[in-house]
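There are 2 protein chains.
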Amino acid sequence: MTMNELSRQEILLQRLEEENFDQVRSMLASFHPSEIADLLESLPGKSRRLLWELVDREIEGDVLSDVQDAVRAGLLEQMQPREVAEVTKDLDTDDAADILQDLPEAVIDSVLLSMDAQNRERIASALSYPEDTAGGLMDIDVVSVRADVSLDVVARYLRQLGQVPEHTDSLIVVDRENRYLGLLSLAGVLVNKPEDSVGEHMSKRAGIPADTPATGVARIFEQRDLLSAAVLDGDDKLLGRITVDDVVDVIQEKAEQTVRNMAGLGEDDMFASVLTSTRRRAAWLGVSLLTAFLAAWVIGRFEATIQQLVALAILMPIVAAMGGIAGSQTLTVAIRGLALGQISRQNAGPLILKELRVGLFNGAILATVVAVVATLWFDDQGLGIIIWLAMIINLTIAALAGAVIPLALKKLGVDPAIAGGVILITMTDVVGFMTFLGLATLFLLP
Amino acid sequence: MTMNELSRQEILLQRLEEENFDQVRSMLASFHPSEIADLLESLPGKSRRLLWELVDREIEGDVLSDVQDAVRAGLLEQMQPREVAEVTKDLDTDDAADILQDLPEAVIDSVLLSMDAQNRERIASALSYPEDTAGGLMDIDVVSVRADVSLDVVARYLRQLGQVPEHTDSLIVVDRENRYLGLLSLAGVLVNKPEDSVGEHMSKRAGIPADTPATGVARIFEQRDLLSAAVLDGDDKLLGRITVDDVVDVIQEKAEQTVRNMAGLGEDDMFASVLTSTRRRAAWLGVSLLTAFLAAWVIGRFEATIQQLVALAILMPIVAAMGGIAGSQTLTVAIRGLALGQISRQNAGPLILKELRVGLFNGAILATVVAVVATLWFDDQGLGIIIWLAMIINLTIAALAGAVIPLALKKLGVDPAIAGGVILITMTDVVGFMTFLGLATLFLLP
Chain A
1220 MTMNELSRQE ILLQRLEEEN FDQVRSMLAS FHPSEIADLL ESLPGKSRRL LWELVDREIE
1280 GDVLSDVQDA VRAGLLEQMQ PREVAEVTKD LDTDDAADIL QDLPEAVIDS VLLSMDAQNR
1340 ERIASALSYP EDTAGGLMDI DVVSVRADVS LDVVARYLRQ LGQVPEHTDS LIVVDRENRY
1400 LGLLSLAGVL VNKPEDSVGE HMSKRAGIPA DTPATGVARI FEQRDLLSAA VLDGDDKLLG
1460 RITVDDVVDV IQEKAEQTVR NMAGLGEDDM FASVLTSTRR RAAWLGVSLL TAFLAAWVIG
1520 RFEATIQQLV ALAILMPIVA AMGGIAGSQT LTVAIRGLAL GQISRQNAGP LILKELRVGL
1580 FNGAILATVV AVVATLWFDD QGLGIIIWLA MIINLTIAAL AGAVIPLALK KLGVDPAIAG
1640 GVILITMTDV VGFMTFLGLA TLFLLP
Chain B
1220 MTMNELSRQE ILLQRLEEEN FDQVRSMLAS FHPSEIADLL ESLPGKSRRL LWELVDREIE
1280 GDVLSDVQDA VRAGLLEQMQ PREVAEVTKD LDTDDAADIL QDLPEAVIDS VLLSMDAQNR
1340 ERIASALSYP EDTAGGLMDI DVVSVRADVS LDVVARYLRQ LGQVPEHTDS LIVVDRENRY
1400 LGLLSLAGVL VNKPEDSVGE HMSKRAGIPA DTPATGVARI FEQRDLLSAA VLDGDDKLLG
1460 RITVDDVVDV IQEKAEQTVR NMAGLGEDDM FASVLTSTRR RAAWLGVSLL TAFLAAWVIG
1520 RFEATIQQLV ALAILMPIVA AMGGIAGSQT LTVAIRGLAL GQISRQNAGP LILKELRVGL
1580 FNGAILATVV AVVATLWFDD QGLGIIIWLA MIINLTIAAL AGAVIPLALK KLGVDPAIAG
1640 GVILITMTDV VGFMTFLGLA TLFLLP
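As given, the protein sequences belong to chains A and B, one line each in that order.
First residue of the first sequence? That's 1220 in this note's numbering, and the numbers climb one at a time after it.
First residue of the second sequence? That's 1220 in this note's numbering, and the numbers climb one at a time after it.
Hints in this document: simulated from the structure, not taken from any laboratory.
Errors might be hidden in some of the hints.
For chains that are exact copies, the list does not tell them apart, and a pair is met inside one copy or across any two.
Derived pair list, reagent style DMTMM-like, types lysine to aspartate or glutamate, alpha-carbon separation capped at 25 Å [stated by the list, open to error]:
id: 1; residue 1: K1308; residue 2: D1288
id: 2; residue 1: K1629; residue 2: E1472
id: 3; residue 1: K1456; residue 2: E1279
id: 4; residue 1: K1423; residue 2: E1296
id: 5; residue 1: K1308; residue 2: D1444
id: 6; residue 1: K1265; residue 2: D1309
id: 7; residue 1: K1456; residue 2: E1385
id: 8; residue 1: K1630; residue 2: E1254
id: 9; residue 1: K1630; residue 2: E1475
id: 10; residue 1: K1629; residue 2: E1254
id: 11; residue 1: K1308; residue 2: E1414
id: 12; residue 1: K1423; residue 2: E1254
id: 13; residue 1: K1265; residue 2: E1236
Please read all numbers here as calculations on a predicted model, not as lab measurements.
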């Protein structure tokens, strides 16, 4: 299946290259909006704009809501406010709000103005919650029922409605004041006796406050295996619902973000313009350059030592590099533990201790191998002992730093995935060069 | 809510530390199985075993199916085959099979033998598919209906059943030979006229072949925003269904794996024993040590040059490090693009070209900064020119390597996230040291 899909997409891209636009247009009809979103993301700038022009107006809104933020911004630039209003009007409120949030303030207003009153109100209320909270994720189109009616009444009510919002697996049970009581699954309506009341068969699952951060929402969905949940205001009144498809996007997005942040990519679009990519990555490279200069400065303090014993220059990168690699392993464990909410006051101590032990163990093994090789290579036992000591020290400190840095950054409110790596490498470089060259200066020079 | 949950968990852990077991047991009753799974994952070995002893037998199966593979293996070691059979018997087949797959072959057999015949057959058939395919993810408990019956008949049938498997949002429509035709949502049963036929309201969504890899399943669910899908054998016959909660786990797991693989952690449990962690990470450290030795050997070729100009030893780590960092950024872009299936034959070329341009741009900026600093620091214009050239060359090659290495590894069937980083760093170190020291030997020495 995947094989077939790939070739479908490849054929479409070939037709696009051949500028056979009629055929591209007719092929696009068989693609799901999110497949088109994937295609757009995988195309360089010019072809992307071209393909976007060929997408059917009817599904432009769905495609926009599926595409990555960075890519979406580019597509929106090609559109008039009136067009944006047009293509977003049939979307779920959360998806529409999500798209509008990427526009400049002035454009948002003109988009809202070209909508009819009802749509404007829906979207404006969704825009009042930050994008990465339960309120920003929720859809306000819900079917709610009262606890005291019978399942039979519910069934007749649904038949009258004629349709329910997409991804409805449950109805939301509220009291007279629209206060949330629980969920009634559609299966519950079907399998139970028609004369039973809604209250008898609803599940009293907790609702989600509108200001819960998106990551918290994702954790609740994952832990409880939910398909949907009610979103509530401060008085437990029903505001809307979140469905699992939106949560899947949050989970995917967060995981991506960790990977991108650890490499200092920031938000990225694989085919952002060369200038945009250069600029986004430059900050990280600039910081890294500063730490590289710091390491060079440390080495510079030992110029005279190196002059007398060039073997030190040859071996010193090994000490620094191995510290960096071992420290990064610990760092990754701690960053993921924090992201998954698995590190608390209680287990931070044991975690640091464990990582310290692992660092010492691996440090001892690596240091011994390097010491033996160094002794044989340069026929200098003193050099072997010095590098052995320096590596043990650096790998132990690397393990300690790898565990402590993310915890400290988290406390300071800084994303450990962004800053952790640079701080760690700075430490392992400085400590590595300083202990190795320092010990050599003390003990090896005549 | 999240705040409250955290403190609930913290209180429970405190009680556990105080060995107040009765209270721990009664507190556990208010925890969802997957919250208990999270707690177990966050505990070091001894406390983890202790807490596991206190978990109610009734929910042990659910907890086991929610816990990470590496942690689960440890918990299973504490249990007898008979106990395992007991706690898995009420689970979905996919979850039960998942747990059994972690046991040694001989233990699996004895667990299967202590089950009743019906369960044994269900589980054995689930075990016949690899864990990471659609067949391994599917649950064989499904409600299927025929296309030619009326919705009214379906409703009566469901009421007779009295319950449907968890997470049922749709019924699966099959023909007389159990061949898959489409899905009928429960909402569809409720909102349409009772006399309409199933066939009129089913959606003809494609089913998923049982041998589809888990990542392919995840992509289909994400792209189509599915809640559930039918799994089919080679003849389009219905085998079971996959629900979105299992897919969420796959997505989460895959993203985790990339992060862990890029750091060379392999499968890891935050509180694996010190020895296990040491062993798991040693392989990666060993390979990294080899590449560090290779870099040292390259530097060693230029011993005489460094002796004459120690400034080279001071500056050379900058050339190598900046190449490594810039290359890692490109590498991450390419690895994620491949993981998301967004890199194909058509766009690999443009991607490499774009990354090359970004590398050249950033290389030019960084090289100029470093060249100016080096010239001023050592009052040596020649040195400035040499390091400028070496950095441009290394960053360009780093960008090229960062884009090409993952594509090549993918072609060879090797996970780019595992091997990509080491190969890249080896290249940027070797090229960095070689060009910088080589150019210096050619042009700077008297």
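Cross-check of the supplied hints:
no., hint, in the structure
1, K1308 / D1288, "within (19 Å within a copy, 45 Å between copies)"
2, K1629 / E1472, "both (20 Å within a copy, 23 Å between copies)"
3, K1456 / E1279, "neither (34 Å within a copy, 36 Å between copies)"
4, K1423 / E1296, "neither (45 Å within a copy, 36 Å between copies)"
5, K1308 / D1444, "between (31 Å within a copy, 20 Å between copies)"
6, K1265 / D1309, "neither (28 Å within a copy, 55 Å between copies)"
7, K1456 / E1385, "within (22 Å within a copy, 27 Å between copies)"
8, K1630 / E1254, "between (40 Å within a copy, 24 Å between copies)"
9, K1630 / E1475, "both (23 Å within a copy, 23 Å between copies)"
10, K1629 / E1254, "between (37 Å within a copy, 22 Å between copies)"
11, K1308 / E1414, "neither (39 Å within a copy, 34 Å between copies)"
12, K1423 / E1254, "between (37 Å within a copy, 18 Å between copies)"
13, K1265 / E1236, "within (11 Å within a copy, 62 Å between copies)"
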